[in-house]
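Now for the letters of each chain:
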Amino acid sequence: MRYVLELVIYPGFIFATAVGLLTSWFERKVSALVQWRKGPPVLQPLYDLVKLAGKETLVSERANSAGFLLAPFLGFAGAIVASLILWNANLGRSFLGDSIVLLYLLVLPALAVILGGLASGNPIAILGATRELKLVLAYEVPLVLAVIVAILKADSLLLHRLGNTITIGSLSGVLAFFVALLAVQVKLGFAPFDIAEAETELIAGPYIEYSGPPLAVFKLTHAMLLFILPLFLVTLFLGGIDFRGLGWLWGILKYLGVVLAIVLIKNTNPRLRIDQAIRFFWRYGLGLALLALVLAIIGDQVGLRWL
Amino acid sequence: MASAGSKTRTSPWQAWGISRSPWVYHLATGTCNNCDIELLDCLTPRYDLERFGIKLVGSPRHADVLMVTGMMNRKCLPRFIAVCRQVPKPYIIVALGACGANKGIFHDSYNTVGPVERVVREIMKEDTIVVNVPGCPPKPEAIILGVVKGLKLLQERRR
Ligand code: SF4
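Here the protein sequences come in this chain order: D and C. Heads up: the first sequence runs through residues 1 to 307, numbered per my numbering. Heads up: the second sequence runs through residues 1 to 159, numbered per my numbering.
In isolation and in its complexed conformation, chain D is listed as follows (with noise of 0.2 angstroms):
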């Protein structure tokens, strides 16, 4: 009872949606600042959830309409259980290796808009997920390898204690960092890296033959993400959010601070091509990744901690 309660309130679904469409909201109104313009009033993403939750489903002819209807759940359970796992870690609630089962929960979601796009039969989403698919073979790698470098600083599997240590101390941590924040903007879907839904040229990628409940599904994932991934890097890079005393006013804003580091990455520059995302995260991103593991290793075995 006590876990279907978790799961389903307080540190799972309704918190998470709650926090999560509030980013949402903050990720528009900043970018609409930024382009001089007011933005949409703060409920706004709950309203869109509302609109197409009362809106027609409609399956086309092509589809595979099981695995069509049935892949945005898969991303949406993948992120339930992501942010149980992240904020119950930063509550001080851990078990060894949660850390592997995060990396593992994250990649769902990516999963989740390749089997839908794949399975909508529209050769337009089938294109979004293949680029989907690129990307994520493109950016796991690195991702790994820079979360392997908080784990080394950390010395420990356990969320809880990687949520302990500020590795973003040392020269490794920093460039770690650098590379998980880029992961992370490719998870989100936001320019640079917005490649498999781009608007322009293939209109919405893999969600382009959704409509209604499944599209607002889909849509309630990325609020998720959105919440789950900044929060990721929080507690991996930045120490975490200490729920002793003021600890929290200042986690929030560490948070906060993330979130705008991805927004204003996303403002201020222009979407790449499939090849040059793949290049930019095999050749920066993986370098950066194994350089940042080599200096965490030689300051682990010499005993420079600020290396």
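Just so you know, these hints were derived from the structure itself, not from any lab. Be careful, since some hints might not be right.
Calculated Cβ distances over 12 angstroms to all of chain D for the following chain C residues [unchecked claim]:
| id | residue |
| --- | --- |
| 1 | 32 |
| 2 | 37 |
| 3 | 77 |
| 4 | 105 |
| 5 | 106 |
| 6 | 107 |
| 7 | 108 |
| 8 | 124 |
| 9 | 127 |
| 10 | 136 |
| 11 | 144 |
| 12 | 145 |
For lysine to aspartate or glutamate, the following EDC-like pairs were computed, each having C-alpha atoms within a straight-line distance of at most 20 angstroms [said to hold, decoys possible]:
| id | chain 1 | residue 1 | chain 2 | residue 2 |
| --- | --- | --- | --- | --- |
| 13 | D | 38 | C | 141 |
| 14 | C | 152 | C | 127 |
| 15 | C | 89 | C | 117 |
| 16 | C | 55 | D | 56 |
| 17 | D | 254 | D | 242 |
| 18 | C | 55 | D | 199 |
| 19 | C | 55 | D | 194 |
| 20 | D | 38 | C | 48 |
| 21 | D | 266 | D | 201 |
| 22 | D | 219 | D | 56 |
| 23 | C | 89 | C | 156 |
| 24 | C | 89 | D | 61 |
| 25 | C | 75 | C | 117 |
| 26 | C | 149 | C | 48 |
| 27 | C | 75 | C | 122 |
| 28 | C | 55 | C | 141 |
| 29 | C | 55 | D | 201 |
| 30 | D | 29 | C | 48 |
| 31 | D | 266 | D | 199 |
| 32 | D | 134 | D | 275 |
| 33 | C | 139 | C | 48 |
| 34 | C | 75 | C | 108 |
| 35 | C | 152 | C | 141 |
| 36 | C | 55 | C | 41 |
| 37 | D | 38 | C | 41 |
| 38 | C | 89 | D | 56 |
| 39 | D | 134 | D | 201 |
| 40 | D | 219 | D | 199 |
None of these values were measured; they are calculated from a predicted model. The beta-carbon is built from N, C-alpha and C at its ideal position, and this holds for glycine as well.
Once you've looked at the hints, dock chain C with the ligand against the given chain D.
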């Protein structure tokens, strides 16, 4: 799809949701391109339609408002019908410009099958709400007013 001539039913909360976040799909059916540019003007920071949740989407499956410009030529008719069938219900159609409302300067062209409203009522036999926004091209303010009136109609028609 609603059968021919049937009254489409929209529950209050559906209409409320759509009036709070109408996503617009833009379809040009033989325009001089001026109305399309005027529609893009609506999205510039000066008018900032995102304040009302209005967003331009690329796929008719995501749309709530079908913004049709142009005088609807013969080649475009089957495409227009195909796109209408792809928009999830409930939705409204806004016919933009003098062309969309009553063929405008193309009124005696051999190639036009007539204003949008006629196509929807007489060829497609559907009772989707159609709002005509006259002007050649209409001002952005008029376009916004048209969308607002259409959404009001949608809310009034719930029973
Ligand atoms: S109404 Fe006027 S401006 Fe608009 S498409 Fe027709 S001719 Fe062009």
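- Message: Under the constraints set out in the numbered hints, which ones does this structure not fulfil?
- Response: none
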